[in-house]
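> Using the numbering used here, read the sequence shown as starting at -12 and increasing by one per residue.
Some hints here could point you the wrong way.
[Said to hold, decoys possible] Quick list of simulated restraints, FRET-style, between CB atoms: (1) 66 to 118: 41 to 49 Å; (2) 172 to 122: 41 to 49 Å; (3) 88 to 126: 27 to 35 Å; (4) 112 to 147: 17 to 25 Å; (5) 197 to 10: 31 to 39 Å; (6) 2 to 115: 34 to 42 Å.
These aren't lab readings, by the way, just hints derived from the structure by calculation.
Don't be surprised by glycine CBs; every beta carbon is placed ideally from N, CA and C.
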Amino acid sequence: MRDACFPDDDDEADPASLALARDLAAGGARPRTAVPDRPVRRPVTGRPGDARPGVAEAHAAEEVASRDGETARTAAPGRTAYVSPAVAAAQTAHALGLVPCVAAELAEADAGRWRGLPYARVAEEEPEALAAWLADPRAAPHGGESLAALSARVTAWVEAMRATPGVIVVCDVGVIRAALGHALGVGPAVAARFDIAPLSSTEITPAGDGWRVTRVNHRKAPL
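Let's have the full structure, built from the sequences with the hints guiding it.
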């Protein structure tokens, strides 16, 4: 069983997940199970303590966020998708038949000196620092970016894209949670409760001065 690790943008998507993405883009049969276990180290993009860490947290850059009614899975081949700087994000976009456009604002929170390290190791070597990070979204004991800063960054990008129709994003689960938190008007601690499935789509749409959450964890059956 693989270790759950803090995210690292250099981690690549595993072949099984990319094959599934290509199958979904082509309208192939949807598997009954979640993405197969990875043969390579996968970054964790949620927070320790989330339910089902092997599914909800450990599949960075395989979460597909969509706005304005069209998911990456049903979008026409060759459409542009904004992607996080993570290697796996661009790989997944390509597998979905999309043209990736990197947006630095969509990066997962920088884990500083914990980047790529197993949670278990950090818990053993820096238990007090890890506890502070878990308790306070504003804390960044690793020297990187806090979850509150991530939320503010994603919020600014989402608002900047408000008037742009049909935006497709391929990004990490932390970014999706931040977008959902903004749409619902809740902070990072509450948004972290969302259990985001791999290769699913989440959609938010403008509604007056705010946002409406249209769907979360959607995986449309083949057309």
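> Run every hint past the structure and note whether it holds.
Results for each hint:
no.	hint	in the structure
1	66 to 118: 41 to 49 Å	holds, 43 Å
2	172 to 122: 41 to 49 Å	violated, 22 Å
3	88 to 126: 27 to 35 Å	holds, 32 Å
4	112 to 147: 17 to 25 Å	violated, 39 Å
5	197 to 10: 31 to 39 Å	holds, 36 Å
6	2 to 115: 34 to 42 Å	holds, 39 Å
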